[in-house]
Each structure stands twice: as C-alpha cells, then as structure tokens.
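Letter by letter, the chains look like this.
There are 2 protein chains.
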Amino acid sequence: MADKPSIPKGTRDFSPLEMARRTYIFDSIRRIFKVHGYLPIETPAMENLSSLMGKYGDEGDKLLFKILNSGDFKAKIRPDELAELPAGRLGTMISEKGLRYDLTVPFARFVVQHRNEITFPFKRYQIQPVWRADRPQRGRYREFYQCDVDVIGSDALLNEFELIQIIDEVFEALGLQVVIQLNNRKVLAGIAEAIGAPERMSDITVAMDKLEKIGLEGVLAELEQRGLGLAAREQLNPLLKMEGSTTEKFAFLEEYLAGSETGLEGLDEVRSLFDYTESDPLGALMEFDLTLARGLSYYTGSIIEVKSAEMSMGSICGGGRYDDLTGIFGMVGVSGVGVSFGADRIYDVLLQLERFPERGALDTRLLFVNFGEREVRHILPILGRLRKNNIASELYPDQAKMKKQLNYADKRNIPFVALVGEQEIADGVVTLKEMETGKQERLAPEELIERLSSA
Amino acid sequence: MADKPSIPKGTRDFSPLEMARRTYIFDSIRRIFKVHGYLPIETPAMENLSSLMGKYGDEGDKLLFKILNSGDFKAKIRPDELAELPAGRLGTMISEKGLRYDLTVPFARFVVQHRNEITFPFKRYQIQPVWRADRPQRGRYREFYQCDVDVIGSDALLNEFELIQIIDEVFEALGLQVVIQLNNRKVLAGIAEAIGAPERMSDITVAMDKLEKIGLEGVLAELEQRGLGLAAREQLNPLLKMEGSTTEKFAFLEEYLAGSETGLEGLDEVRSLFDYTESDPLGALMEFDLTLARGLSYYTGSIIEVKSAEMSMGSICGGGRYDDLTGIFGMVGVSGVGVSFGADRIYDVLLQLERFPERGALDTRLLFVNFGEREVRHILPILGRLRKNNIASELYPDQAKMKKQLNYADKRNIPFVALVGEQEIADGVVTLKEMETGKQERLAPEELIERLSSA
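Residue numbers (the numbering used here), protein chains in the order written: chain L, 12 to 466; chain A, 12 to 466.
These are calculated hints, taken from the structure and not from any lab test. Since the structure is predicted, the reported quantities are computational estimates derived from the model, not experimental observations. Warning: the hint list may mix true and false statements.
All copies of an identical chain are treated as equivalent in the list; a pair is satisfied when it fits inside any one copy or across any two copies.
To be verified - With a Cα cut of at most 25 Å, we get these calculated DSS-like pairs of lysine-lysine:
1. K73 / K87
2. K444 / K45
3. K20 / K415
4. K15 / K45
5. K252 / K66
6. K399 / K15
7. K45 / K422
8. K221 / K414
9. K224 / K260
10. K252 / K45
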C-alpha cells in the first residue's frame, strides 16, 4: 500500500473553487492590460542558468532551483571534484538550466533576443509562475504566479501614468479600495545630496522607511549609529517633520532640494504624475510618500507601491522605472518601467473582505437526473441545445439512486435539477426543480432554455 | 559585452502573435469544457520525484527533469558514492523533486490526496505545461502544454460519449473538420482470445496497426515472424479482410467474437457509443477502427483518437478509459476516462489551413498621436472613455516625429490613428484617420466611440 501522496513543501494544488477565484483575478487584470494595448508573451519555465546567475545577488543565486543535467551529468567531472567541490560550485557544473526566479530577467532576455522582431516602445504583459527555493512560510510559496506589465523603450512619464491608471482600473474592477504610493529614487538621491551625504542615500532611506514605526528620534538615532554626521542629521530634521498636503510637500521640497539637480528632476517627475491625474482623475487615492524605498537597488526613477485601503496586508502591487534593464544582456540604454500585481495577496484581500463574485458565469446550472437508457436518449438532444445556448449542464453519468444524484447536485452547488421520466417523455416536457426552494415546474425544452438563460 | 542570450534547446518563447493564437485555442477548448460542467484544477510544476519515478517505464524515468536539492545537496552522500554511483542512482539521491511529465499522474495524485474534498464523479480539466528531456526535434519540445479533460469515479459509457461530444464541439468551434477514431481494448483482447492466442494481444495489435502500410500479407508475415502459429494466423485472416459499413463490421465481429466474453463486452461498448450519436448526432465523422492501438499499456476499455480530415498531421487529440488510474497511489478500483488535446499540433493545423481568426477582439484599435503636453492633457479623458467602452486604445508615450508614431501604428497593425492638435482642441473634436485607406473624419468624442465600437 502506497503512502498517502503529497506535494513538495511550499507548492500548492489549486482546487476548482480556488481556480475560479484565481481566474477571476487574472481575467480582470488581463482585460485591463489589453484595453491599454499591452501584449502578452510567455517565456519557458527553464532558462539557461547563465541567464539567471548573478542577477539577483548572492542570496538570489542560492534561491534558484537548478535542473540536473539529463543523462550522465557526472561524465565530465573528475572524482576529486565530485568529492571536494562545495555544493554551490558543483551544482553549476552538473546543472546548466534553472527555473525562472521572476519575470523581469526573462523579459529582459526576451527583449534582447528578439530585438529585431519587436516594435518599440514594447508594451508587454506576462502572467506565469516563478519558483524560489525560499523557506516556505505562511503566505510565502516556492511556486507562485507573477503578473507583470512593463513598457520598454520609452522614458516618457506618460508610461508611469498609464501604469498608475492600470492599477487604478484593475482594483476598481476587483472592487477593492487601494492607496497608490509614489516616490522617486532621484528625490531620495537629492535628499542625500542636499544634506551633504550623497553616498549615504541607502542608509538614509532605510532609516526613513522606519519613521512611522520608530518616530523621528528613532530615525535620527539610527542614522547616528550608521555614522551619519551631526550636520547631516540636523539638515534632515525639517524633512522628517514635513507635513501638509501634497502641494505643500512639493513646495517644501522645491526649496529643500534647490541645490540638487537630480533631486529637482525627481520632484518634477512626481509632480507631473500628480498633474496628469488632474486631466483624468483616478478613483484610488494617490500619495507622495518619501519613506517608500522599494527596489532601490534597481529602480532609477519612479517607485510605485499599492496597498489596500481597507485592511492591513502589505504591498499588493508595486514597481518602478529601471533605466538599464537589458544592459545585463548587453543591450544598453533602453529605459523601462513596470509594475507587478501580487496575485496571492490580492486573493487573500478579496477573500477576507468577501469580495469574490458568488459564482462564475459558466458554473453548472442544471443537472439532469439519470433514470435509465431510454430517458438518456430523450435527454441527450435537449442537453445539446442547452449547451449551445451556453447553459452549462450535466447529465449524471450513472443510473444511480436518486438520493446520490441529488447529493451530487447539492455538493456541486448546481441550482437546478431536471427530471425526465416516462410521463415527461410522453408530454414532451422536462420537470425542472429548483434545489433551494424545491419548487417544480413542467417546461418544454425551449421554455427551459429561456428559464435558465434568465435565472 | 555579453553573448546574445538564448533559451534551453527544446523550449520556446511565445511572441504576442503566437500568444493570441494559442489563447484562441485554449479559450475555445476551455469554453466547451465548462459548458459540459468540467472543473479546472492546477497542480505544481514540481512533484516529489517518488510520485513520478516508475510511472512512465524505464524510458520515461530517464526523461524526467530532476531538480537539484537546494543547499548542500552533497552533505549526506559519501565521497565514494559521489565518485562511483552511476548518474541515474546518484541523481535520485541529490534530487527529491522533478518537473511533471504529464498531467495524468499529477491528476491521479491530486485525486488520492484530496479524495475527501472531491465530489465524485469528478469531472476535471487541466491546462498546464509539462516537461520531458526528450531529444528536441521538429514539432517535439521539451516544454509543451497539455490540455486534459477527464472524469473519474464513474464507469458509465455516457462519459465516453460526453468526451466525444466535447471533441466534436471543440473542433467545430475551431472550424476544423476531424475524424474521431474509436476502438476498444476489450475488442482487441477478444480477437486474441478468438484466435486462441490470448497472451499475444499486443503482438497482434502492433502488426494490425501496420495494415494500411504493409497490407494483409505483410501483417501476416510479421505475425509469423513474431511466432504466431499458423492456425491463429488463418483465423485472423477474415478479420483483416473485414470491410463494409460500421453496422456490417459490428455484425461480423458479433460472430467472430462469439466465444470471447471480453470481446463481446468491448463490442457492445463501441456499439453503444455509436448508438448515442443517433440520439444526438455529431458534426464530425466517427469511425470504428480496429487498428487503433493507442496507449494499450494503460487503457482498459475505449480508445479514442482524432485526426484532421483536411490534412495529414497525426493525432491531434486522443485518450481512453483506464480502470485503475489512482491505484498507483494506493486508491484502487476507481475507473476514469479522459482525452488530451494536442495544442501544438492543433496550432499547426490551424496555421496551415489559415483558420486562425484575423484579429482578437481586444487588439489595439486606435493610437492617439502625441503632439505634446497640452494635447496629451486634452486626450487623456477621451482615452479613458474609449477604454471604459472596451475599445483598446493607446497614446504614443513620446512626443516623437509623426513618421515614427505612424510607423508604430503600422507595425502594430493598429487600424486607426487619432490626431488632436490646436484646431481639434478648439473645436472639441478628434481627427480620425483610417490607416488602410487614409480616409479622415472629424468626430466628437461620443461619435468616435460609436464609430470604433462598430468598426
């Protein structure tokens, strides 16, 4: 007797109900992407390991799933190498492929590889799973879908604005209220310049990120610990105290960043995005948030993050501009901007707020009870007509006990059952029973179609 | 300078055009599955290697992609083992996971693992990629999608008939004419019994499969070579000569198989399926084909195969009944039947016969030319209205030369461009230009929406 089967830790099976909900999310997102003219691509699950290694830092390299070479993977490796090389080194000698870790690096690879077939600016979306050998924990999986939308080959801020519109429209379609937080790496660099510590941008941002949690004094203490001089800390003080409306913040920063060309450029970018929303207002709230420091190691301009306005759940979507994505594959100077929707967290928000639609349009509406071969032959053409009218219908395949068949309808949440016995055949009708009320009607096939099309 | 990036051999990138075509296929198939009440599931790309090994024969084991264990995969293996064990053995010691090889074994694993949550009969479909370390060649890939539909937990022939209806409706939806070929393993076993060589079924089928290619004499010669006695060969002779309509074939076999209970049972099953088509006729041609011997090692009853009636392309869909699928995971006596659609071959057929629809409903319909910031601000709210009306529209993000912007529209096959300059802003209109004809119209925003909704 075999053991009860299982799946690798950190991976998941998706049941029909989970699939219906996930499909609802992906379809909503995809529809908005498409109406904005974004085009789908897919890339293979496996990339050459050389395309992946070194792209996500040392930590990332360790989290790559490597595919063992097929056939005699040890053939070209000396016994002493097998015995003595550390696992990391040996791993790359016996594996030349790895599972994709995100959709960004494969996208960059795709763009460079197909540069001559692509029309730029290239607006693409991609919805596929990625794999990370992370320690599994609540809400963190080793296989999960990413849902990325990027435009590459244009540095216009209109692209950022379009992505913000897409975010706004996606969450409106899903019935979720969100806050879109905006920052700009150039503003952060400008702050570091303004206080005379241009090389300390990342220390400053890491500390500022904790402002809400540890307060002004806490941030300043941390910066002291990180070795930021007194003068710099004092110059930072008024910034940390900055309050007021977005317009007031802009006015303050205009002055604060006066000495930093980069900073003013970043400020101008943020302001332009707010200006665009005046031409075509968003449904969601957009906030300028200086403490937002997502992806500072790769974003070069705008930084975008989205949170639920209705519950606490961390980031459910985010992204930014990267000025040299394809540089890693030798194609330099191509600017891009993109955001990624966190399907798993959006799923959790919809579930907790009970915002999933009750049922899909094509859930089975009707089950014909199976009374035997003669009845089946009478039912088959009616069933065909129902399906042609897009009414998802089933015939119980076995001539089982009535109770068992009704139990199936009940468990599957099928709202109607149809009974066709000798009398119904003689009269050319179907007895339709509504499961919830028990109410029965005798209907001709065309009436049945009409009844179920509108029900 | 990095090398030009590439992807592992046998894998593919899918461009937006290919994606549109593949999505068309999958959506058509999915719609038919759903209207028949089948439910979607997804399983992880990685399964425990123990779930996969031994399920596909020795050859199959070699074609599994193994995932190298994370971290120090060598830690528990002695140096002499590393040096001396053959790659196959060592591979299973340093890999505990593998990529799924098909959707059938993961489905069996899913059913057993979730047996208490599932309502039987369980009608499921699954559309996901699978991976095989096969030698890549034309039309054979190392990563490809399977598109499976199965019902498990019912041995009624109505399930087979429903799958045949699904096949018929899918190919009708795709605009392809097909032949559905039907056979039954029990009939093949009955033939072997009838000629007094019950243990030689597989030899007989392998030879009969070549009937069209090598002719009657060829088949008999091959059977002699395989050691089938003269008496048995002589008894087979009339069967190989069998001709006539399906009804005539049934009559012939009724007599031929008279001594074999199994054979008659199989014949009865085939006949019942043809009988069902009299209650609800198929669009496609269905043929009873004794030489069809697909998947004899696992199918136990009906065998189904589908070919294009318009071009030569091998099987584009196939399947059958398996009486003990979940037995491999310790849950015995559960009968199932299923078919799998070959998306890649269907793609090739549609492409060669030029049956793909010209364009998707949401391809970009309109590009606004970007003349500058002032015009952009005027355009943004119009763009928003178009998109709300599901008219996929874009605004060129950069204020580039007119020629470049029109070139983008041309390359992207966008049929209309909109020009909004000072005069248009003053008059509250948009100049719409049809790319193909060059024809221009001046339209108010609401007229623009109407024009593009119907165009």
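* First find the shortest C-alpha distance between K224 and K260 inside one copy, then the shortest across copies, and answer within, between, both or neither for a cut-off of 25 Å. => Within. Shortest intra-copy distance 21 Å satisfies the 25 Å Cα cut-off; inter-copy 82 Å does not.
* Alpha-carbon proximity context of K399 and K15, limit 25 Å -> Neither, since 41 Å and 50 Å both go past 25 Å.
* Asked: Quick one: K252 to K66, C-alpha cut-off 25 Å, is that within a copy, between copies, both, or neither?
  -> Neither: 37 Å inside a copy, 66 Å across copies.
* To do: With 25 Å as the alpha-carbon cut-off, assign the pair K444 and K45 to within, between, both or neither.
  => Intra 41 Å, inter 22 Å, cutoff 25 Å: inter-copy only.
* **Alpha-carbon proximity between K20 and K415, which holds within one copy, between copies, both or neither at 25 Å** => Answer is neither; intra-copy 36 Å and inter-copy 51 Å both fail.
* Asked: Is it within, between, both or neither when you check K15 against K45 at 25 Å Cα-Cα?
  -> neither (43 Å within a copy, 30 Å between copies)
* At most 25 Å between C-alpha atoms: does K221 with K414 qualify within a copy, between copies, both, or neither? -> Answer is neither; intra-copy 61 Å and inter-copy 49 Å both fail.
* To do: Could you place K45 and K422 in one of the four classes (within, between, both, neither) given a Cα distance threshold of 25 Å?
  => Classified as between; 17 Å across copies, 36 Å inside a copy.
* Asked: From the Cα coordinates, with 25 Å as the cut-off, is the pair K252 and K45 best called within, between, both, or neither?
  -> neither (43 Å within a copy, 58 Å between copies)
* Tell me, please, which holds for K73 and K87 at an alpha-carbon limit of 25 Å: within, between, both or neither? => both (24 Å within a copy, 19 Å between copies)
Hints 3, 4, 5, 6, 8, 10, counting from the list given before, are not met by this structure.
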